[in-house]
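**Q** Residue numbers (this note's numbering), protein chains in the order written: chain A, 288 to 413; chain V, 189 to 319.
Everything labelled a hint here was simulated from the structure, so no lab data went into it. A few of these clues could be false.
Stated by the list, open to error - Examples of chain V residues lying across from chain A (beta carbon under 7 angstroms, computed): (1) Ala214; (2) Ile219; (3) Val231; (4) Pro235; (5) Ser278; (6) Trp280; (7) Glu284; (8) Ala289; (9) Arg290; (10) Gly293; (11) Ala296; (12) Ala299; (13) Gly300; (14) Leu304; (15) Ala307.
Stated by the list, open to error - Taking lysine-lysine and the DSBU-like style, the derived pairs with C-alpha atoms no more than 35 angstroms apart in a straight line are: (16) Lys190/V - Lys256/V; (17) Lys390/A - Lys318/A; (18) Lys390/A - Lys334/A; (19) Lys334/A - Lys318/A; (20) Lys390/A - Lys256/V; (21) Lys318/A - Lys190/V; (22) Lys256/V - Lys334/A; (23) Lys390/A - Lys190/V; (24) Lys256/V - Lys318/A.
Said to hold, decoys possible - Facing chain A, a subset of chain V residues (Cβ under 10 angstroms, in silico): (25) Leu198; (26) Gly215; (27) Phe221; (28) Val271; (29) Leu281; (30) Ala294; (31) Ile301; (32) Gly305.
The beta carbon of each residue, even a glycine, is placed where N, CA and C say it ideally should be.
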Amino acid sequence: MMSVAGSISPLVAGLWLLNIVLDTGGQLAFKAAAGDETAGDGLARWKHMASRPWLWLGVASYVIEFLVWIAFLSLIPLSEGVLLGSINIVAIMVAGRFLFGEKLTRLRVAGILLVTLGVVIVGVGG
Amino acid sequence: MKRFYLIGFLLLMGFDTLAQVSFKYAGNHAIPFAVSLEWVLSVFSQPWVYGAVIGYVGAFFTWMALLKHAPIGPAFAASHLEVVSVMLLSIWLFDEHLNTARVLGAIAIIAGIVCLGMAESREHVPEPAEA
Chain A
288 MMSVAGSISP
298 LVAGLWLLNI
308 VLDTGGQLAF
318 KAAAGDETAG
328 DGLARWKHMA
338 SRPWLWLGVA
348 SYVIEFLVWI
358 AFLSLIPLSE
368 GVLLGSINIV
378 AIMVAGRFLF
388 GEKLTRLRVA
398 GILLVTLGVV
408 IVGVGG
Chain V
189 MKRFYLIGFL
199 LLMGFDTLAQ
209 VSFKYAGNHA
219 IPFAVSLEWV
229 LSVFSQPWVY
239 GAVIGYVGAF
249 FTWMALLKHA
259 PIGPAFAASH
269 LEVVSVMLLS
279 IWLFDEHLNT
289 ARVLGAIAII
299 AGIVCLGMAE
309 SREHVPEPAE
319 A
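Turn these sequences into a full structure, and let the hints steer you where they fit.
**A** Following this line, the structure appears as structure tokens:
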């Protein structure tokens with residue numbers, strides 16, 4: 288059933304990309320909500336976060352991602368899907384580097400390259 | 189305390205695995221995917237989607253409890269190594285087969301996750317006071 292070129296149709300690829308955007312966007316939104324220095328403490332902190340869009344952007348991203356992931360997995364084998372989904376680890380680290388100046392050590396770069404290589408192998412070979 | 193971490197890591201992997209398997213079942217039991225309200229309703233009208241919610245919530249609280257005490261590197265790795273358990277379970281539950289690409293890809297991904305876990309461990313080692 289599986290063709291030589293793998294099982295990645297444009298729809299599957301689109302859902303995969305959307306999942307990356309939503310997962311990374313959601314994480315970054317939560318980071319922005321939690322990292323706000325002016326938020327105060329305890330209940331006041333939660334009220335402050337609830338009155339600004341970041342927290343809700345994060346929640347909305349996750350709710351949509353939940354559905355996108357179910358759609359994605361309904362179209363390809365689960366063993367392939369979880370491997371392809373590993374790219375989210377890479378996306379978040381790269382985004383953290385650019386947006387929050389988190390440092391990428393040599394070991395981290397090696398990890399990022401290995402995970403990316405694995406995802407490429409699975410994506411090309413099915 | 190070692191046993192506490194080990195149980196915590198296994199529990200985390202277990203919840204993550206439950207979530208992924210439930211996601212797959214939820215997708216399989218829903219009507220064929222389309223961007224429509226009918227599809228969303230068919231996803232939520234069968235029990236598997238709630239297995240995914242339980243897996244997510246369980247993983248979240250296990251992660252939070254672990255992070256208080258457990259070393260971050262192994263915790264990071266454990267939170268992503270469910271790819272192994274999910275792959276093995278998908279052979280049994282969904283009659284999937286592991287081809288060469290998936291096995292090679294999984295090996296590279298796992299090696300990458302281990303590197304990232306080690307990187308986290310190193311960064312959170314208390315740094316010696318600067319001279």
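**Q** Please go over all the hints and tell whether each is borne out by the structure.
**A** Here is what the structure says about each hint:
1. Ala214: 5 angstroms, holds
2. Ile219: 10 angstroms, violated
3. Val231: 6 angstroms, holds
4. Pro235: 14 angstroms, violated
5. Ser278: 4 angstroms, holds
6. Trp280: 11 angstroms, violated
7. Glu284: 5 angstroms, holds
8. Ala289: Because about 2 angstroms separates Ala289/V from the closest Cβ in chain A, which is inside the 7 angstroms limit, the hint holds.
9. Arg290: Because about 6 angstroms separates Arg290/V from the closest Cβ in chain A, which is inside the 7 angstroms limit, the hint holds.
10. Gly293: Hint holds; Gly293/V Cβ to chain A Cβ min 4 angstroms, cut 7 angstroms.
11. Ala296: Constraint on Ala296/V satisfied, holds at 3 angstroms.
12. Ala299: 5 angstroms, holds
13. Gly300: Given a least distance of 3 angstroms, the restraint on Gly300/V holds.
14. Leu304: 4 angstroms, holds
15. Ala307: For Ala307/V, the interface hint holds, since the closest Cβ of chain A sits about 4 angstroms away, which is under 7 angstroms.
16. Lys190/V - Lys256/V: 14 angstroms, holds
17. Lys390/A - Lys318/A: Since the Cα atoms of Lys390/A and Lys318/A sit roughly 16 angstroms apart, the hinted pair holds (cutoff 35 angstroms).
18. Lys390/A - Lys334/A: Holds - the C-alpha atoms of Lys334/A and Lys390/A are around 32 angstroms apart, at most 35 angstroms.
19. Lys334/A - Lys318/A: 16 angstroms, holds
20. Lys390/A - Lys256/V: 23 angstroms, holds
21. Lys318/A - Lys190/V: 31 angstroms, holds
22. Lys256/V - Lys334/A: 25 angstroms, holds
23. Lys390/A - Lys190/V: Distance ~30 angstroms between Lys390/A and Lys190/V Cα, so the pair holds.
24. Lys256/V - Lys318/A: Given that 35 angstroms is the threshold and the Cα spacing comes to 18 angstroms, the pair holds.
25. Leu198: Violated, because the Cβ-Cβ distance from Leu198/V to chain A comes to roughly 18 angstroms (cut-off 10 angstroms).
26. Gly215: Holds - the Cβ of Gly215/V comes within 10 angstroms of chain A, reaching about 3 angstroms at its closest.
27. Phe221: At about 4 angstroms, which falls below the 10 angstroms cut-off, the nearest Cβ of chain A leaves the hint on Phe221/V intact, so it holds.
28. Val271: The hint holds - Val271/V has a Cβ within 10 angstroms of chain A, the shortest such distance being about 5 angstroms.
29. Leu281: Holds. Min distance 8 angstroms.
30. Ala294: 6 angstroms, holds
31. Ile301: 7 angstroms, holds
32. Gly305: 8 angstroms, holds
Of the hints listed earlier, those the structure fails to meet are numbers 2, 4, 6 and 25, in rising order.
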